[in-house]
Amino acid sequence: MTMKVEEKLALNAMKNDTMSHILLDQGICAACKERMCIAVCPAHLYSLNEETGEMVVEYAGCLECGTCMIACIYGSITWDYPGGEFGVQYRYG
Amino acid sequence: MDKIDAIVVGGGLAGLSAAYRLADAGKQVILLERGDAPGSKNVTGGRIYVDPIRSYLPGVIDSAPFERHVVREMITVLDEGSGLQFEYGNEKWKKEPFMSHTVLRAKFDSWLADQAGAKGAFIIPRKKVDELLYEDGRVAGIRSGSEEIGAHIVIAADGALSFLAEKAGLRKPHRPENLAVAVKEIYQLDERTIEERFGLGPDEGVAGLFMGSVTRGMFGGGFLYTNRDTLSVGLVVGIDSLIHGAGGFDAPGLMEGFTGRPEVQRWIRGGELREYSAHVISEAGIGAIPKLYTGGMLVAGDAAGFALNLGLTVRGMEFAIASGVMAADTAVEALDANDLSENSLSRYGKRLRESFVLPDMETFRHSREVLDRQRFFTVYPRFICELFDELFTVGDKPKEGLYRTARRVAKKYVLNMETLKDLLAARKL
Numbered sequence: 001m002t003m004k005v006e007e008k009l010a011l012n013a014m015k016n017d018t019m020s021h022i023l024l025d026q027g028i029c030a031a032c033k034e035r036m037c038i039a040v041c042p043a044h045l046y047s048l049n050e051e052t053g054e055m056v057v058e059y060a061g062c063l064e065c066g067t068c069m070i071a072c073i074y075g076s077i078t079w080d081y082p083g084g085e086f087g088v089q090y091r092y093g
Numbered sequence: 094m095d096k097i098d099a100i101v102v103g104g105g106l107a108g109l110s111a112a113y114r115l116a117d118a119g120k121q122v123i124l125l126e127r128g129d130a131p132g133s134k135n136v137t138g139g140r141i142y143v144d145p146i147r148s149y150l151p152g153v154i155d156s157a158p159f160e161r162h163v164v165r166e167m168i169t170v171l172d173e174g175s176g177l178q179f180e181y182g183n184e185k186w187k188k189e190p191f192m193s194h195t196v197l198r199a200k201f202d203s204w205l206a207d208q209a210g211a212k213g214a215f216i217i218p219r220k221k222v223d224e225l226l227y228e229d230g231r232v233a234g235i236r237s238g239s240e241e242i243g244a245h246i247v248i249a250a251d252g253a254l255s256f257l258a259e260k261a262g263l264r265k266p267h268r269p270e271n272l273a274v275a276v277k278e279i280y281q282l283d284e285r286t287i288e289e290r291f292g293l294g295p296d297e298g299v300a301g302l303f304m305g306s307v308t309r310g311m312f313g314g315g316f317l318y319t320n321r322d323t324l325s326v327g328l329v330v331g332i333d334s335l336i337h338g339a340g341g342f343d344a345p346g347l348m349e350g351f352t353g354r355p356e357v358q359r360w361i362r363g364g365e366l367r368e369y370s371a372h373v374i375s376e377a378g379i380g381a382i383p384k385l386y387t388g389g390m391l392v393a394g395d396a397a398g399f400a401l402n403l404g405l406t407v408r409g410m411e412f413a414i415a416s417g418v419m420a421a422d423t424a425v426e427a428l429d430a431n432d433l434s435e436n437s438l439s440r441y442g443k444r445l446r447e448s449f450v451l452p453d454m455e456t457f458r459h460s461r462e463v464l465d466r467q468r469f470f471t472v473y474p475r476f477i478c479e480l481f482d483e484l485f486t487v488g489d490k491p492k493e494g495l496y497r498t499a500r501r502v503a504k505k506y507v508l509n510m511e512t513l514k515d516l517l518a519a520r521k522l
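Going down the list, the sequences are from chains A and B. Quick note: the first sequence uses my numbering, first residue 1, plus one each step. Quick note: the second sequence uses my numbering, first residue 94, plus one each step.
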């Protein structure tokens, strides 16, 4: 009985901001072949929109680990913590 | 600008220990935490070793809300479809004073925040610190949104990512080879089931380590800790390994593969998944610690890169508590002398060198470089599993002598120059 990562994320206590705390530079993403953000994100929030060719990040499920920002050596990802009212609230940690 | 004595940024173990100590010394201290409560943004594996820190928070740490004291270490070496598990237990670990405890951070940190609050520290949640304020070239406070708070000293305990250390010019931007990502799941099981399943008495716990094919040859490993009525199960993988050696495996997929292994399922089956978390860990050791002080500012805990992975033992929380206390002691001394200059705060470095923190980091300077040798995650686990496989197998052909079997398997995997090189490298540990 395996759970999808989206189902796992749904178990977390989360308060979502209306604004994303993760911004992508689509110019840099367009030139990127590796797209390591997709593989490294534990919440699987990154994907490529096949129609527009743009990278998409679903900031709402973010676990706030910062792995994507560290992995993106091309510097496309501008990443800050969500504002003080928002984001994941770990109940176990 | 009006100034209070001290601002601590971050309600983790380093920040809370610093706030506790500052308040205990009679200083005005405000701790700003971006989560709903201290602990709500924090993740540990986790286990805490108490002997190193008992003297830093006297009378405090022994009444902490730990989960279980660890009485057994469990190591599982995994290959594709096979695994070898062994355990080490010691009766003395069942007697007080206990050496290490499993812990959950939401509960633990919020308890430590209560202790700091009782001493007079102001703990303010839901406040994200955005910028440092400067005066005469020295750090002199923080900005949070539109609010500015002045302070004679700022202690940055803002975690492994520490944007403040970077903003203050104390650390270069993070590099993938210096950090690992930990993915963790919490499974709920009732207390009795945990004790029966692991063969434990009340309050007793197990610490489990998994190595081999769970990381698909990448730097890292799995862990399992028994809490009171939950299990902490997770996987740690080097971020640069994930980038370069991914081979089609992403972080969630690796985690799914790990928890799906029968060697893990036997422990977690029937447990209800409660939380899915992730956090980065500094893996670079002393080579990647930032500058630890500048005029008006000190850096402590994960923010200072104080974490040590020795494969069998993984430590961070003791360093956080000890460095938080030492940062506070340095701050108290500097406040009393009315000298918050970089030179005055350099005593923090001296304190750290005279404690266990920097000496331990120094002793294990080469641990990452040694552990990063890929064969530790590929060839050796496979060798161990295949050796036992051959020793245990009875087939339709006449069985080869045990020594001959061992020599043949060893020849295939480990009797070569590469192993010799790994052994030579391991002398640095």
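These are computed hints drawn from the structure, not numbers from a lab. Check each hint, because a few of them may be wrong.
Calculated pairs, BS3-like style, for lysine-lysine (alpha carbon to alpha carbon, straight line, at most 30 angstroms) [to be verified]:
{"hint": "1", "chain 1": "A", "residue 1": "33", "chain 2": "B", "residue 2": "265"}
{"hint": "2", "chain 1": "B", "residue 1": "200", "chain 2": "B", "residue 2": "212"}
{"hint": "3", "chain 1": "A", "residue 1": "4", "chain 2": "B", "residue 2": "265"}
A quick note: this is a predicted structure, and the numbers were derived from the prediction, not measured.
These are the hints, each one checked on the structure:
1. A:33 - B:265: Satisfied, since the Cα-Cα distance of roughly 26 angstroms is no more than 30 angstroms.
2. B:200 - B:212: holds, 19 angstroms
3. A:4 - B:265: violated, 36 angstroms
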